[in-house]
Amino acid sequence: MLFFSFFKTLIDEQVIVELKNDMSIRGTLKSVDQFLNIKLDNISVVDEVKYPHLSAVKNVFIRGSVVRYVHLPAAVVDTTLLEDATRKEAASQASKIGGR
Amino acid sequence: MSALAPYVGKVVVVITSDGRLFTGTLQGYDQTTNLILESAKERVITPDAPTEVLDLGLYLLRGESVALCGLVDDEIDSQIDWYKVRGLRLGETKKLGR
Numbered sequence: 001m002l003f004f005s006f007f008k009t010l011i012d013e014q015v016i017v018e019l020k021n022d023m024s025i026r027g028t029l030k031s032v033d034q035f036l037n038i039k040l041d042n043i044s045v046v047d048e049v050k051y052p053h054l055s056a057v058k059n060v061f062i063r064g065s066v067v068r069y070v071h072l073p074a075a076v077v078d079t080t081l082l083e084d085a086t087r088k089e090a091a092s093q094a095s096k097i098g099g100r
Numbered sequence: 001m002s003a004l005a006p007y008v009g010k011v012v013v014v015i016t017s018d019g020r021l022f023t024g025t026l027q028g029y030d031q032t033t034n035l036i037l038e039s040a041k042e043r044v045i046t047p048d049a050p051t052e053v054l055d056l057g058l059y060l061l062r063g064e065s066v067a068l069c070g071l072v073d074d075e076i077d078s079q080i081d082w083y084k085v086r087g088l089r090l091g092e093t094k095k096l097g098r
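Chains A and B, in that order, give the protein sequences.
When we follow our numbering, the leftmost residue of the first sequence carries the number 1, and every step to the right adds one.
When we follow our numbering, the leftmost residue of the second sequence carries the number 1, and every step to the right adds one.
Excised from the complex, chain A in its bound form (with noise of 0.2 Å):
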């Protein structure tokens, strides 16, 4: 739930999505779902030459598992929110394994 929280602070920022199959789609974020499904508006393949595939399409839908990286601009980040989410999400895993 984390992340998928920490996507939606990012919709219609600009980010790279870096795929398994080694393809990079630069985009704004648009959407994403409990999955980390991504929808990008906007697109441009990052090596277009090697990758016209994709010319003719503007905006894409990526299915969560095939993503290998999201690459953010830092100034969008705030960190220190993030560290604290992540203690109380981290903290609320080991009480639930605790209580089995």
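Errors might be hidden in some of the hints.
As the list claims (entries may be wrong) - Just so you have them, the derived chain B footprint on chain A, three or more residues with Cβ under 8 Å:
1. 4-13
2. 69-83
3. 89-96
Claimed, not checked - These stretches of chain B come out as covered by chain A in the derived footprint (C-beta under 8 Å, 3 or more residues):
4. 2-16
5. 50-60
6. 76-85
Said to hold, decoys possible - Not close to chain B: a few residues of chain A, all C-beta gaps over 10 Å, as computed:
7. M1
8. L19
9. R26
10. T28
11. V46
12. N59
Read the hints as simulated data drawn from the structure, not as lab findings.
Built from N, CA and C at the ideal position, the CB exists for glycine as well.
Given chain A, work out where chain B should sit, using these hints.
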């Protein structure tokens, strides 16, 4: 919720996990990203030969093999001569042995 609903009824380009490129009209989908493509065609794009197009008809693609589904912009698509397009063979999303 990142759904494919806005793409239904439109022409889409699908890249599969084994590096193939399909195009067709999206008729249906579900949460595992299973897709139904009508009038599906496979476009085989290679660096050294003209693009091959294979007509496939009505296709169901299993979600785990779907990597990407892109909405085709008809204006741009009609200006591209796909026969002339050259490009790298797409990679697979799963490296062998992992």
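Q. Checking against the hints above, which ones are violated?
A. 1, 2, 3, 5, 8, 12
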